[in-house]
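Enquirer: Next come the chains, spelled out residue by residue.
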Amino acid sequence: MDSAFIIEKSVIIFVVFALTMLMAMYSTWAERKVAAFLQDRVGPNRAGWGGLLQPLADGAKLFTKEEFFPNTPNRFLFILGPAIAMSTALITSAVIPWGDKINVFGRDVLLQATDIDVSILYIFGVLSIGVYGIMIGAWASNNKYSLMSAVRASSQMISYEVAMGLAMISILMMSGSLSLKDITVMQANDGWNIFYQPLAFLIFLICSFAETNRTPFDLAECESELIGGYHTEYSSMKMGFYLFAEYANMFISSTILAIVFLGGYHFPGMAWVNENWGINIGALLGFITLFAKICFFIFFYMWVRWTIPRFRYDQLMHLGWKILIPLAVINIIITGIVMVLFN
Amino acid sequence: MSIQQISLSVRKMEVSNKEMTFLERIYVWTILKGLWTTIQHLFRRKVTIKYPEEVREMSPIARLQHMLMRDDQGRERCTACGLCALSCPAEAITMKAAERKADEKHLYREEKYAEIYEINMLRCIFCGLCEEACPKEAIYLTTSKKIVKSGYEREEFIYGKDKLVMPLDMAIKNTQTNTVN
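Chains as they are written, first to last, in our numbering: chain A, 1 to 343; chain B, 344 to 524.
Among the hints, a few may not be true.
Said to hold, decoys possible - Cross-link-like lysine-lysine pairs, in silico, BS3-like; alpha carbons within 25 Å at most:
no., chain 1, residue 1, chain 2, residue 2
1, A, K322, B, K361
2, B, K489, B, K506
3, B, K393, A, K61
To be verified - Label-pair distances were calculated between CB atoms; the ranges are:
no., chain 1, residue 1, chain 2, residue 2, range
4, B, V398, A, D115, 54 to 60 Å
5, A, Q315, B, E434, 52 to 58 Å
6, A, L52, B, I349, 53 to 59 Å
7, A, F287, B, R387, 32 to 38 Å
8, B, N463, A, S224, 37 to 43 Å
9, B, R368, A, S224, 21 to 27 Å
10, B, A433, A, S224, 32 to 38 Å
11, A, Q315, B, V398, 46 to 52 Å
12, B, E499, A, S10, 51 to 57 Å
13, A, I337, B, I369, 48 to 54 Å
In case anyone wonders, no lab produced these hints; they're calculated from the structure. Bear in mind that the values here come from a model prediction, so they are computed numbers and not experimental data. A virtual CB, placed ideally from N, CA and C, is assigned to each residue, including glycine.
Next up, chain A with everything else stripped away, as it sits in the complex (with noise of 0.2 Å):
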């Protein structure tokens, strides 16, 4: 392992850090936007142009607000809650394919922090810790309304998990490989997913609203039932953690629906621009696709969270055990009667 080497993976991680609090940070900006604009109104306008400085006001905001403690005996575990949840939404962006090899100063560069072979599985696993930040934080509020909310959130999240992983499965049939790279490039060879496997894609889809806890399915944090959900108790920046970390999982979750389904950084025409341009202008302009495809799934929470209301908590497991995980099961099965039949 040369000192190369150790420089070039800091600096994607550094860059990969700062990208995702970036994202996160302007996607607390942009859902009020969008919610403005959805709604015929303007949105925050008054902190720079456009609002553009708004969340570092509001940063500064919640880094001066009061720092509060419940009367609880679980202080440690109330400090965790919030820690868990926000290092489990920035860890997953390690393994996440930003682009294809750039030659710097005559070395092949790989842009992806680390390229395990069971990037997915590392993911699902990542993904499950990040109901015990919600859990832990919620059961050291000493607060009903914020348990009550936890216990929905894992319950939700569990439930969902399963669905979402049986439509993985199909996907996996047909890669043969865990890695997300080894998707990406399949993909670009063969087409992207979401033209093969509709079906899983809107399984997915579905089931990354309810992992993130975005509306329709916010039962952890409805206002009207239970105050602020998990966060009641909280203030200051480890209430700000905990927004943010929702903002970085919804980042991180969009960025895997991309590479999954929507070939991750592959545009038409990447083969074309590599051999005439030169792989680093490839690179560049397959990392500019990809967040593209980023921005417009951020979007599309956002959009849909100003659509449709909040499902009734029987809905919502309705959904998910008797619709979902039966419709990804089939799914599976078609995959395999389609891939004996045409291979």
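Following the hints, complete the assembly by docking chain B onto the known chain A.
Expert: Chain B only, in chain A's frame:
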């Protein structure tokens, strides 16, 4: 006509409990329709008026900003009797009276005048009762369509005599046009 069919608001809707069709039950199609509705709003003209930069158009007969009048010789009409303050339902007006000196006869019409005359524009409801109460025709709401300027400090909204008294050149102009007519 039975009571069930009467609708005073003309917007009465019958509650329908019909079974959802298959298309409605799988949600996807209805959600797409909803998404189509909301995306149209994204490109619609926004109704917000960005207040300090843009101001909503006033009614042509709106009368807002107060003015303390001068008479045809440019003297202040107000005698600080306090009837406007008394009649003000929002208690926005305060004043302090003073006696006119011998060399101030060209400034104030009567022996008593308002040394301090303040209207708190945050309290004022522009009802015009001060104007009705005034026995000297000294205070009027004007048709200038100027609304109170926004600001960050409460003190900015307390208008003193410097902002309320009619400008002298305006009084001179009024006198000139009146004598011509």
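Enquirer: Each of the hints needs a verdict: does it hold here or not?
Expert: For each hint, the structure was consulted:
1. The straight-line distance between the Cα atoms of K322 (chain A) and K361 (chain B) is roughly 23 Å, inside the 25 Å bound, and the hint therefore holds.
2. A distance of roughly 12 Å separates the Cα atoms of K489 (chain B) and K506 (chain B); the hinted pair therefore holds under the 25 Å criterion.
3. Simply put, K393 (chain B) and K61 (chain A) have alpha-carbon atoms about 24 Å apart, close enough for the 25 Å limit, and the pair holds.
4. Between V398 (chain B) and D115 (chain A) the C-beta distance comes to about 59 Å, which sits within the given range of 54 to 60 Å.
5. For the hinted restraint 52 to 58 Å between Q315 (chain A) and E434 (chain B), the CB-CB distance of approximately 55 Å keeps it satisfied.
6. Distance hint for L52 (chain A) and I349 (chain B): a CB-CB separation of about 55 Å, consistent with the stated range 53 to 59 Å.
7. Checked against the hint of 32 to 38 Å, the pair F287 (chain A) and R387 (chain B) passes, with Cβ atoms roughly 34 Å apart.
8. Take N463 (chain B) and S224 (chain A): their Cβ atoms lie about 39 Å apart, and the range 37 to 43 Å holds.
9. The hint said 21 to 27 Å for the Cβ distance between R368 (chain B) and S224 (chain A), and at roughly 25 Å that hint holds.
10. In this structure, A433 (chain B) and S224 (chain A) meet the distance hint of 32 to 38 Å, their C-beta atoms being roughly 37 Å apart.
11. Our hint of 46 to 52 Å for Q315 (chain A) and V398 (chain B) holds, since their Cβ atoms are close to 47 Å apart.
12. One distance hint, 51 to 57 Å for the beta-carbon pair E499 (chain B) and S10 (chain A), holds here, with the actual separation near 53 Å.
13. Between I337 (chain A) and I369 (chain B) the CB atoms are about 23 Å apart, so this pair departs from the stated range of 48 to 54 Å.
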